[in-house]
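S.K.: Listed below are the residues making up each chain.
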Amino acid sequence: MSDVIVLAEHFDSEVKKVTLELVTAARSLGSPVVLWLGAGCTDSVVETMGSFGASQVLVADSDAVRNHPVAPGAEIVAELIGSMSPAAVLVASSADGKEIAARAAIKSGSGIITDAVEIAADGTVTQSVFGGSTIVHSKVTHGTPIITVRPNAIPATQAPTTATKTDITPAVSEAAQKVTITNRAVVEKGARPELAEAEIVVSGGRGVGGAEGFGVIEQLADSLNGAVGASRAATDAGWYPHQFQVGQTGKTVSPQLYIANGISGAIQHRAGMQTSKVVVVVNKDPEAPIFELADYGVVGDLFSVVPQLTQEISSRK
Amino acid sequence: MKIAVCVKQVPDTWAEKKLRSDDSRLDREAADGVLNELDEYAVEQALQITEALGGEVVIVTMGPERAAETLRKAISMGADAGIHLVDDHLAGSDAIATSAALAKALEGRGFDLILFGSESTDARMSVIPAMIAERLDLPQVTFAQKVDVSGTTLTAERVTDYGYDVLTTELPAVVSVVEKINEPRYPSFKGIMAAKKKPVETLTVGDLGLEASVVGAAAAWSAVADFAARPPKAAGVVVTDEGNGGTKIAEYLTSQKFI
Chain A
249 MSDVIVLAEH FDSEVKKVTL ELVTAARSLG SPVVLWLGAG CTDSVVETMG SFGASQVLVA
309 DSDAVRNHPV APGAEIVAEL IGSMSPAAVL VASSADGKEI AARAAIKSGS GIITDAVEIA
369 ADGTVTQSVF GGSTIVHSKV THGTPIITVR PNAIPATQAP TTATKTDITP AVSEAAQKVT
429 ITNRAVVEKG ARPELAEAEI VVSGGRGVGG AEGFGVIEQL ADSLNGAVGA SRAATDAGWY
489 PHQFQVGQTG KTVSPQLYIA NGISGAIQHR AGMQTSKVVV VVNKDPEAPI FELADYGVVG
549 DLFSVVPQLT QEISSRK
Chain B
266 MKIAVCVKQV PDTWAEKKLR SDDSRLDREA ADGVLNELDE YAVEQALQIT EALGGEVVIV
326 TMGPERAAET LRKAISMGAD AGIHLVDDHL AGSDAIATSA ALAKALEGRG FDLILFGSES
386 TDARMSVIPA MIAERLDLPQ VTFAQKVDVS GTTLTAERVT DYGYDVLTTE LPAVVSVVEK
446 INEPRYPSFK GIMAAKKKPV ETLTVGDLGL EASVVGAAAA WSAVADFAAR PPKAAGVVVT
506 DEGNGGTKIA EYLTSQKFI
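In the order they appear, the protein sequences are chains A and B. My numbering puts the first residue of the first sequence at 249, with every later residue one more than the last. My numbering puts the first residue of the second sequence at 266, with every later residue one more than the last.
One chain only, chain B, in its complex shape (with noise of 0.2 Å):
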């Protein structure tokens, strides 16, 4: 079982995230850069699957140089190898120049899952995972909560809004797997310092084949016309419960027409 899995280095869950006024993009360097946590939930589910069956997981990433850090972090819970794919012509792309990217380096290598989180949490599109499956004409099973390997059929729980579909599937595939699917370990000590060993392969748009007017900023089938910070909101009223809270709040509703 030979498993990628896509991650994404993402401005940390809990700090503020801003546009740049020069270009509209995320201003990746305000914050520290961490694993997009949705992703471990990919790399464990990938780790579960490989323990069992055996194989090898390689970590996948798109990124500019300090996305190899994240790339170790992942490696680091157990992966045997990283891919990275850094090119200053990949910077600004758009959903579908990053999947041609990404497709470009998963495909011909063999891979019988290509295994995503269900979103990263700075763009939150949760497009990338259908489009790799779109692009290398490949099953695609997403939103998975649950997974189950079994010779080449691969069985999962997609979640949907009136509970979850069961759905089977042939290998290869392309699978997202959504938070509640494990419990994501921790790197261990030892696992730190083995990611250090592990062979990571660079790869530039010329070395995925692709030209450079094809990717990037200049390529990008959308365009930030204008953003704004959303004005701040006219602070509220505030009271302490003397007993009566419930009733205030009614008062508040019913003068707002909810009751």
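Excised from the complex, chain A in its bound form (with noise of 0.2 Å):
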């Protein structure tokens, strides 16, 4: 069986679901090969890598490494597909994960296909665009086939095998370390799980009317231990910081749950949300077009609906 690679995402030696995700992807092309690149590769994050299926972990870590973003990265893809020429390569659709596959392609000479949200075993990815809108099924043509995988769209399921662990020490060229990372400024990211990955969103729009207003958009967030989202028109308001922006603009999310509070559902939003499993909507326009992409819908003021619907989560716990 052919070998797969799946570029680990993780940061500070926490494994990022979309890493398990991506192994679980990969079994259905070939036996998946971890590469890890930079510190953090403990013995605990090959033991869940093998429990996923991964056969190999692959440790690429220096200084090149560390200090420098996405090209020294690219090259030692590069280089793994050249010595390993494996079935296929698989990263996460970070904004790492997309420029390292993207450099990884020139230098193979293989196809790219980005955003993926299913992975056939013949190959055939399939992709959710234009907001959703539009199933895609498209194949890499030539080369290795190169595919980013968005976070949640592919559930992880364990496969207990026993990965093995090997420090891989490839060069690093000079000309990949032209950009050197002086300083990593970490904002406090609190208890809330990450946006991108998160089971459960809950979102404020235009209709929150103000920063204090986030305050109960957060409480229902934190009762459902969901990330907190942000239309657009509330970060150009300057409500919420703009990396929660949820949208065409911003992130695309695809949780379990999606709560949208205050939000009218432009394209511009939904593009970013519509792959949502669920989408609870609470609005008090009823003709606001987020309804038509409701599940479940109250027209009301968000300000009455949002603090009773914490406490009954509150007290149903």
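To be clear, the hints were calculated from the coordinates, so they are not data collected in a lab. Keep in mind it's a predicted model, so treat the numbers as computed, not measured. For every residue, glycine included, the Cβ atom is placed at its ideal position computed from N, Cα and C. Take the hints with a grain of salt, since some may be wrong.
To be verified - For each label pair, taking beta carbons as the anchor points, the in silico distance ranges come out as:
1. B:Q521 with A:D549: 16 to 26 Å
2. B:D297 with A:D484: 14 to 24 Å
3. B:D297 with A:E535: 20 to 30 Å
4. B:E294 with A:S333: 34 to 44 Å
5. A:N473 with B:D277: 37 to 47 Å
6. B:A356 with A:G458: 45 to 55 Å
7. B:T420 with A:P537: 35 to 45 Å
8. A:N315 with B:L318: 20 to 30 Å
9. A:K565 with B:G508: 41 to 51 Å
10. B:L318 with A:P489: 22 to 32 Å
11. B:R331 with A:T412: 51 to 61 Å
12. B:D292 with A:N473: 20 to 30 Å
13. A:S331 with B:R331: 44 to 54 Å
Need the complex rebuilt from these two chains, each delivered in its own frame; the hints are there to steer you.
M.R.: As structure tokens, this is what we get:
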């Protein structure tokens, strides 16, 4: 069975959930070989990878990899494509992931497909495009298929095996070290899950009315252990930080549950959340287009509906 | 400081987008073509840098004849010149071929900075800046929320999932910017009038020194097998709040096992 390279997505030895989703997806194409760039690949990480079906974990850690973004990773991926002739390379659809995939595609003469939501055993990729309005099936036709996969699209399932860990020390060229990371600023993320990976997302829009209004949104999110999102109207107005924007020009999320509060549902926003499994809407305007997506909707004032909901959830736990 | 800003004409952000049934490509005729709104931030950043340090801003685009309007629109914000890659052979190019053509158009012109928006609102791949950096062997500083140029040193904040990384490099470099970096200006009447007279160079695949066989749909390294409209969602339940809206949602969430 041929190998399938999976580029691990991690932060500070914390394996991101999408990595397990990638390993799961890789199993249908071949034998998953995880590539871990940088520090933090502990024995327990290797064990976790094995429990999801990875046969090997290759660790590429050096100053070159740690201190320079994207380019070293792309070199290493391209080198492994050359030496391992894998059936495919799977990467998370994150900023780094897509860019490493893009550069490795050029280096190795391979086609690239981004934002897969499903991968069939024959390599056919399903994408959900134009804000989820169109489902596309496509295939890489040249070189090694390099596919980036959206977080939360493919459920991770276990398939226990024992993964071996191998340190590889690939040379990284000078050219790939032209950009230096001089500081990593970590914004306090608090206890909330990360937006792109969250099972539940609670969002606020124009109807929230101001920065203070996001308090009720956060309380609802916390009662459900969910992430907080915001529409562009809310982030443009400065009511909520920009990195939480859901929409065409922000993050794309597809959680199990999406609760849209005071969001009208312009295409701009729908493009970022349309593939959510269950959508609940609270909006005082019964004509708001977001109701078209609602599995359950309440026409009403979010400032009375949302706190009541939060209280109900807390009392039902 | 000589800055290139690569822009793309895309269907109006607010319009429904569709693929064409005959060749599975985006139906660009179905909606107005507009300047990709995320590119406006790149143009603005280029103008701010040259206003502070002096220099020239050249807008670069690849697209059919009608993309010329978008090129003029970007120039009207205050840029100095334009380059338009326009050739029927380019139609249907994938990201790999697009980056090959753009790289040829950009190289050897002495650009200190090559700027991009963080993504196009139609394809949304966000890979072209990285591919250009790869092809031209230039430093890549993408998803920047802040860019400072001092002498030949560039410092930027790259947005990450956990905050941001501070990056430094030497010019020339490829940079993409996110929308929170600035507030793009509206073209002034003077700018719009002036843009009509700014020089625009048109380049064909031949002018780029590329074989027609390496670009366009036939050269693409991935292919669409089929596509379909997403099945419409079954209509949900919508109720009017009568003082118990929150409780009703809680009941629904319980029935769906979220609580």
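S.K.: Determine which of the earlier numbered hints do not hold for this structure and return their numbers in increasing order.
M.R.: Going through the list in order, the structure violates hints 9, 12 and respects the others.
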